[in-house]
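Protein chains in written order, with the working numbering: chain A, 1 to 246; chain B, 1 to 139; chain C, 1 to 399; chain D, 1 to 130.
Since the hints were made in silico from the structure, they are not lab data.
Computed from a predicted model, the values in this text were never measured in an experiment.
Treat the hints with care, as some may be off.
[What the hints assert, rightly or not] On the chain A side, residues computed to face chain D include the following (Cβ under 8 Å):
1. L17
2. A21
3. E91
4. T93
5. D147
6. I160
7. G233
8. F240
[Said to hold, decoys possible] Simulated coverage check for chain B against chain D, where a stretch passes if three residues somewhere in it have a Cβ under 8 Å from a Cβ of chain D:
9. 60–74
10. 100–110
The beta carbon of each residue, even a glycine, is placed where N, CA and C say it ideally should be.
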Amino acid sequence: MTAPASEGHRTARFRVLRRKAGDAAPHFDDFDVAVGPDSTVLEALVAIRRDQDPSLTLRHSCFHASCGTCGMRVDGQEGLACVTKVGDASEVTVEPLANLPVVSDLVVAMDPFYDGLEPLGRPLVRSSENIPGALPDGVEAYTRYEDCIECGICLSACPIAGSDPLYVGPAAIAAAWRVVEEPRGREPGPVMRLMDDDQAAWRCHVAWECSEACPSGVDPARAIMQVRRKAAGARARRLFGMGGRS
Amino acid sequence: MATTVDRPRPAAGGEEGRRGATGWFDPRGRRMGGLAFILNRLTGIGLVLYLYLHLVILSMLARGPEAWDQFVDIALSPPFLALDVLLLTGLLIHGLNGIRVGLVGLGFVASRQRAMFIALMVVAALVAIAGALRIFSGE
Amino acid sequence: MSQPQGGAAPFHVVIIGGGGTGGALAHDLVLRGVRVTLVERGEVTSGTTGRHHGLLHSGARYAVKDKESAVECIEENMILRRICPGSFELNDGLFVAISDEDADYEPAFYEACLESGIPARRLTAAETLSLEPNLNPDLKLSVQIPDGTMDAMRMPLRFFATAKANGAVIRPWTLVTEVLARDRTVYGIRVRDLTSGREEEIAADLVVNATGPWAEIVARMAACDVPVQPSPGVLLAIRGRVCDMVINRLHPSGDGDIIVPQRGLSVVGTSSWVVEDPEDLGVPEDHVEMMYANGSALVPMVRHAERRAAWSAARPLIGSREASTGRELSRTFKCFDHRETDGVEGFVTISGGKGTTLRAMAEKTADVVCAKLGVDAPCRTRDTVLLPHDAFYTVVPAA
Amino acid sequence: MTSDTRPVEPPPSRDEGPRSAPPFVGQVVSGAVLIVLLGLHMVAQHFIVPSGLRFYDDVIEWLSNPVMVAIEVAFLVFVTYHALVGVRAILFDFGFGKRTERLITNLLWVVGIVTVVYGVALLAAILNAA
């Protein structure tokens with residue numbers, strides 16, 4: 001009653017960026033893998049580890065774009081390996097996410113990503129709530145931020161995070177905007193003050209990579225622009241003596 | 001801004017995972033907005049260089065009519081005119097994309113940023129072509 | 001050999017396997033004052049744990065045929081709600097009768113729920129549809145029970161985070177190459193650190209095999225036998241939330257009879273068969289088709305929903321090798337002291353069970369471990385509220 | 001519904017005192033001004049001065065109008081500001097750290113002032129020479 005994924009119709013070559021502790025530089029290893037029409041990059045990598053090289057390290061858990069662990073760069077673009085299809089490609093290049101420290105092979109350390117969320121009180125809600133009436137009308141507009149699966153893909157895709165380690169990054173600002181838009185008892189003022197900063201919302205150069213890359217439809221870039229709009233409005237009101245708070 | 005916690009980490013690549021300060025202009029794997037960003041920076045750098053070149057060249061004006069008009073004769077030669085077209089194109093890309101970045105970057109029409117970029121770049125291309133024709137026709 | 005230096009804690013337990021059970025066991029044991037090192041070949045929760053459908057069981061699914069599992073589930077369900085605040089969508093579940101046959105099954109089901117201690121509420125077809133308007137309009141009736149939705153990775157991660165903060169050493173990317181034994185007594189393991197390729201030995205007073213469907217393979221390394229049958233099931237994630245509650249088919253457990261909303265997805269599960277190799281499951285396309293067909297019997301719009309992912313997860317079922325579908329195997333868990341089953345000292349296997357009962361599995365195993373070591377400390381995991389999942393990545397381990 | 005277990009600390013207050021308006025807003029404002037001035041410049045070159053602003057005599061005549069001189073100076077100021085803030089953004093991408101970044105900002109102020117002074121002096125020299 002089983003049809004193993006390795007029963008592929010053809011062979012694809014996977015070029016995987018490898019690096020172990022102590023290596024002077026990363027290098028590519030090539031693996032030929034049998035793939036079928038629905039094969040995902042993650043299935044292929046797991047098959048490589050099972051059949052060819054047990055020392056290959058990668059992160060994965062849920063296999064359905066919910067846990068966010070298998071973020072990596074496939075042919076240069078960030079994506080979740082579990083929902084990235086091999087398609088017709090005869091050669092697939094796989095690299096770890098950029099802008100995060102490499103632990104080994106395709107594994108990056110996620111603590112810098114979570115550090116960006118820490119000062120905000122980590123407002124990414126891990127489960128969407130189902131209490132009718134408890135949330136404002138039009139809640140659909142708010143709930144998308146809860147879709148953040150903390151995969152780090154936005155950080156990898158962001159050209160600014162790529163060069164400036166001080167930038168808090170898209171996910172944190174999206175999370176912050178969630179607090180502003182939908183405070184749920186929190187005081188948004190301090191969060192806005194953190195984001196109205198040249199290492200936060202104002203650091204963004206509007207490349208929109210984060211929103212285009214996000215596998216979960218979070219749209220951090222829009223959130224960044226909303227933070228700016230609100231911050232700029234508050235500054236303008238202060239400037240013209242109309243009071244208002246940041 | 002990002003808190004730096006001293007945390008033991010068996011990192012093979014360390015901070016080298018970052019694309020790096022010179023990594024921003026690598027267009028591989030970038031999507032439309034990323035390419036716009038790269039284009040904006042490259043044209044920006046080009047225009048800064050032109051600004052200072054321009055200021056140096058203008059100093060010839062202070063040296064009287066002969067020096068300047070001699071330079072203008074050279075500047076009307078085709079290679080120089082090609083540079084003019086390049087300058088015009090850079091200005092158009094940077095300026096028109098700048099309108100998008102300004103609007104979107106302050107939270108306006110953010111949902112339309114993609115369409116806006118395409119439209120503005122079409123305008124840039126058309127004006128650049130018209131400008132090139134005019135420059136080379138010697139008008 | 002790297003002999004872990006003992007502080008106040010006299011005993012060192014090595015846990016093989018970083019799934020929910022291993023994480024919960026590490027948490028339990030450090031709270032009892034035992035030193036713990038957990039090794040996992042990949043990322044934690046990368047085996048069966050992370051792949052399950054994210055259902056916080058009420059136990060109703062097992063109430064009729066497997067009361068032991070049902071009681072276990074509802075007890076753990078209530079405990080987890082207390083110790084993992086924020087990890088669950090407290091959306092409840094419905095068991096929906098579609099056919100007349102389903103409706104005939106309802107009285108037995110409802111009674112069995114109550115007998116197992118599962119709060120249950122009978123709903124008419126109209127009441128059901130007002131709660132979940134996308135359900136099959138031909139439904140007959142339903143029973144509401146306290147199912148819930150969890151994040152299959154992040155809930156278990158909280159056990160790891162808390163264990164780590166309390167001093168447990170959690171080592172992902174660490175492959176066990178050998179279980180070290182002398183005179184039929186296990187005294188440690190040999191591992192390869194996959195981030196560097198270095199090999200080392202880790203001494204242990206006791207080694208616990210918590211590798212789920214891999215339990216038999218790992219037990220064999222210690223010349224022991226565990227009757228675990230990897231029984232995979234196919235799960236299908238479709239885009240969009242077709243329901244906000246957990247939707248179950250009200251009938252004896254079958255294929256494709258549950259829909260669990262997960263963030264912006266809906267997860268339809270699951271089929272069941274048995275395999276020998278937990279590494280090689282495959283995703284049979286006919287099973288995916290079956291998920292579509294049976295899922296749309298519950299919620300018609302499933303039929304044309306966009307497929308986001310389809311995958312297989314292997315349940316670690318305990319039971320006879322002759323099982324063919326896995327459905328006839330018990331969903332409860334079992335802890336093996338291999339001195340009793342194989343005459344091997346210092347080696348314990350925990351297997352079976354399910355995501356919802358991870359804490360109970362850990363408690364039972366920690367009781368066995370502590371009894372063997374002579375550690376006299378009560379279990380404290382029922383009342384210890386867990387750290388949030390991201391602490392697993394950010395917490396600085398105690399020196 | 002339940003909330004997280006770790007107490008949510010209020011974010012630490014930032015101790016750097018009042019901050020200046022973000023450079024981004026300055027870039028947008030100066031950019032907008034530049035589009036207007038550059039537009040004027042182009043229109044002037046190609047529609048007001050019949051053969052374009054090229055030869056010495058044309059240029060001198062153009063600059064004899066004080067309004068045009070004012071526009072040129074304004075253009076110089078805005079373009080220098082816009083250019084140097086852009087350069088600063090690129091340099092900041094190297095992640096030098098706060099202290100070096102302050103140094104860069106100060107250095108660019110000096111460069112900017114020198115540029116504007118040079119430009120104004122040049123304008124004066126041109127008008128004097130004519």
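Note to self: Can you tell me if the region 100–110 of chain B counts as covered by chain D, using C-beta to C-beta distances under 8 Å and a minimum of three residues?
What the structure shows: holds (count 4)
Check: For the region 60–74 of chain B, do three or more residues have a beta carbon lying closer than 8 Å to a beta carbon of chain D?
Finding: holds (count 8)
Item checked: Hint check, A:G233 versus chain D [nearest Cβ-Cβ separation less than 8 Å] -> violated, 11 Å
Note to self: Hint A:A21 vs chain D: min CB-CB distance below 8 Å?
What the structure shows: Since the shortest Cβ distance to chain D is 24 Å, the answer is violated.
Margin query: Interface hint check: A:E91, Cβ to nearest Cβ on chain D, cutoff 8 Å. Holds or violated?
Written below: Violated. Min distance 32 Å.
Check: Should the hint that A:I160 touches chain D count as held when the rule is a Cβ pair under 8 Å?
Finding: With a minimum Cβ separation of about 7 Å from chain D (threshold 8 Å), the hint on A:I160 holds.
Note to self: Using the nearest Cβ pair, does A:T93 come within less than 8 Å of chain D?
What the structure shows: With a minimum Cβ separation of about 26 Å from chain D (threshold 8 Å), the hint on A:T93 is violated.
Checklist line | Minimum beta-carbon distance criterion (8 Å), A:F240 to chain D | finding: violated, 13 Å
Next item on the list: Identify whether the interface hint at A:D147 stands, where standing means a beta carbon of chain D within less than 8 Å of its own.
Entry: Where the cut-off is 8 Å and the nearest Cβ of chain D is about 17 Å from A:D147, the hint is violated.
Check: Per the CB criterion, is A:L17 less than 8 Å away from chain D?
Finding: Check failed: Cβ of A:L17 comes no nearer than 23 Å to chain D, outside 8 Å.
Checked against the numbered hints listed earlier, the structure breaks hints 1, 2, 3, 4, 5, 7 and 8; every other hint is satisfied.
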